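Enquirer: Fit chain D with the ligands to the given chain E structure using the hints.
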Amino acid sequence: MAEMVAQGEMPDILFWVGCAGSFDDRAKKITKAIVKILNKCDVKFAVLGTEESCTGDPAKRAGNEFVYQMQAIANIEVLNAYEIKKIVTACPHCFNIIKNEYPGLGGNYEVVHHSQYIQSLINDGKLTLQDGGVYKGRKITFHDPCYLGRGNDVYDAPRELIERLDAELVEMKRCKSKGLCCGAGGAQMFKEAEKGDKEINDERTEDVVETKAEIVATGCPFCMTMMTDGVKTANKEGAIEVLDVAELIANAADL
Amino acid sequence: MISILIFIVLTVIGFGFFGWNVSKVRANILLGRDLDRTDRKAERWKVMTLVALGQKKMFARPIPAILHLMLYAAFVITQIELIEIIVDGVTGNHRTFFAALGGFYTFMLSFIEILSILAFIATFMFLARRNLLKVPRLVKSELNGWPKLDANLILIAEITLICFIFMMNGADEVLYNQGQSHLAGEGSLGLAMSSWIGPMLFGNMSLDTLHIIERIGWWGHILMVFGFLNFLPYSKHFHILLAFPNTWYSNLNPKGQFNNIDSVTAEIKLMMDPNADPYAAPATDEVPQRFGAKDVTDLTWKSLLDAYTCTECGRCTDVCPANTTGKLLSPRKIMMDTRDRLVEYADGKRKNGKDYDDGKSLNGDYVTAEEIWACTSCNACVDACPVNIDPLTIIVDLRRFLVMEESKMPSELAGMNTNIENNGAPWQFSPADRLNWKDE
Ligand code: SF4
Ligand code: SF4
Chain E
1 MAEMVAQGEM PDILFWVGCA GSFDDRAKKI TKAIVKILNK CDVKFAVLGT EESCTGDPAK
61 RAGNEFVYQM QAIANIEVLN AYEIKKIVTA CPHCFNIIKN EYPGLGGNYE VVHHSQYIQS
121 LINDGKLTLQ DGGVYKGRKI TFHDPCYLGR GNDVYDAPRE LIERLDAELV EMKRCKSKGL
181 CCGAGGAQMF KEAEKGDKEI NDERTEDVVE TKAEIVATGC PFCMTMMTDG VKTANKEGAI
241 EVLDVAELIA NAADL
Chain D
1 MISILIFIVL TVIGFGFFGW NVSKVRANIL LGRDLDRTDR KAERWKVMTL VALGQKKMFA
61 RPIPAILHLM LYAAFVITQI ELIEIIVDGV TGNHRTFFAA LGGFYTFMLS FIEILSILAF
121 IATFMFLARR NLLKVPRLVK SELNGWPKLD ANLILIAEIT LICFIFMMNG ADEVLYNQGQ
181 SHLAGEGSLG LAMSSWIGPM LFGNMSLDTL HIIERIGWWG HILMVFGFLN FLPYSKHFHI
241 LLAFPNTWYS NLNPKGQFNN IDSVTAEIKL MMDPNADPYA APATDEVPQR FGAKDVTDLT
301 WKSLLDAYTC TECGRCTDVC PANTTGKLLS PRKIMMDTRD RLVEYADGKR KNGKDYDDGK
361 SLNGDYVTAE EIWACTSCNA CVDACPVNID PLTIIVDLRR FLVMEESKMP SELAGMNTNI
421 ENNGAPWQFS PADRLNWKDE
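Line order of the protein sequences matches chains E and D. In this text, residue positions in the first sequence follow this note's numbering: the first is 1, and each later residue adds one. In this text, residue positions in the second sequence follow this note's numbering: the first is 1, and each later residue adds one.
Excised from the complex, chain E in its bound form (with noise of 0.2 Å):
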């Protein structure tokens, strides 16, 4: 961002990376995928880089607001001083605060899902896919992030990227308002589970199994290290794949 505004220039939306996607190992294939399809399709965008930090939503669902507020308020003078207004998240914690949580405290911008995104540049035309990518026909199920779903009420996109795909989409018995968590919300990703007698991640891949689906698509960091232990802990690594939905993208367009 700093590089593009020392050029005099203005992207047209900002990428916001999110701390998963810019430290977690898995999920910063999912940001390379974004990038990837940002690139084919030509859009002007640019990150903060260095100068991103934390949304605060852990600290905020972990009853931190003092945290929450100050990540929130120092993230917010650094997107009004860049003068942004159009924002893709890369994962629905971040989609979430920043846009329904930072216009309270002075940040008002258009907020969109990386799903959302990418829906609009299929639409718009700008971006392809052959028919007979490399899911065609495949079984693909899609567990709902609860702050993309229940959270926003958005259940269609990632879905329609999925039929974009030539693929089966098959739902789980729990699905869209009445998906299962991953069991990582509410800041439980940064901590061990309280007792019971099951993992909610194991509880939920048996939703996944039970579907006979090859593929698990979701669309959130957190929910994708869920499902990925979940997958394993079943015994079902050669059997289910855990992507995310712009992965699926950028594998079918192959790019």
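Hints should not be assumed to be uniformly reliable.
[To be verified] Pairs of lysine-lysine, DSBU-like flavour, derived with a Cα cap of 35 Å: (1) E:Lys212 x E:Lys136; (2) D:Lys408 x E:Lys191; (3) D:Lys438 x E:Lys126.
If you're looking for bench data, these hints aren't it; they were derived computationally from the structure. Computed from a predicted structure; not experimentally measured.
Expert: Same frame as chain E, but now just chain D with the ligands:
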């Protein structure tokens, strides 16, 4: 004459006591913190019509939805008959509306009778679901004791009420057949159910017995109604009334959105403002509100209204990922605890004066930290609730108190917060490495 007097006295007591209880509940709810939920009125009416009146969210589970609809429809429509009973009671007439409405009267009462039979069946099915089939969400541990009894009592009361209706109508039907009813005329009242239930059950009885049965049915009905009315404020069945305001005041924002605490914003702005005078007195001399919720009065009035509205149906707990994987957390229990504690708190203050402190609080004594920390904030409970209750807001407020007032949290989360403060990420990575993915 005497019976008119008794009736009027009973009616005044019945409604009066109910009114007094409602005003108490209202005062309890208003102990909560302020929250403005009066915007977007058109949308609010729509939500209330769909969710409360239309029971839209019940139909996610069709079997209980249909059974519940039978009871609900019968309940609403029986109110017409109740109005007649009250008019008769005050005037001393018998079936005041019969002459005035003619054929429509027969139609209306027949309609009530058919719905009552459906409700009768539904009530038995509900009893069976709770006590024989033991549907999992209806037998969880938080229902042990009073909540279980409450549910069964109401169902039994409903059965009794319906029996009274048929005693009243059935006996009167037989009397009318013989030209002995207090209603002038002779023949059949033409009531869909009573015109054959009546003769079947009471056909061979003497006139005196028939009159007694008819009166038992009549008085029984009205007494049950007053009893029911006054039971409501102590019961989960209060939802039949509170579902309406509770859905009207629903949260209309995206479910993922949590509120920003304004006092925190003010404090941070002050901290970051280089011109601020750190010793300046706070602008108001009000006691600063604590962060988050220690007790019920730290919750918003909407959370307290939620608690009184809860039907204890357990749809929330049934979909809760924490609960379904064996954790202690149950969103239904959060709502029940909030209500129980609110009643205890408010009664304590009423009895022992304003300054009374029983040393207990919702956070800790009712809801434990283990429950509070098991929530993934997934909003499944909020989505599932048929009357738009929001247990998650309470859980988050309880968390905020633990973290911001008591610094009590799982140690990993304390570490996570420190990481965010120091590195701008929940993990221990250097902010300088944020763009490394670009070249990897
Ligand atoms: S938001 Fe919390 S309490 Fe509600 S269903 Fe999800 S985990 Fe359970
Ligand atoms: S909160 Fe709603 S879903 Fe949960 S028990 Fe109460 S009424 Fe049922």
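Enquirer: With reference to the structure, classify each hint as holding or not holding.
Expert: Right, here's what the structure says about each hint:
no., hint, result
1, E:Lys212 x E:Lys136, "holds, 16 Å"
2, D:Lys408 x E:Lys191, "holds, 14 Å"
3, D:Lys438 x E:Lys126, "holds, 23 Å"
The structure meets every hint from the earlier list without exception.
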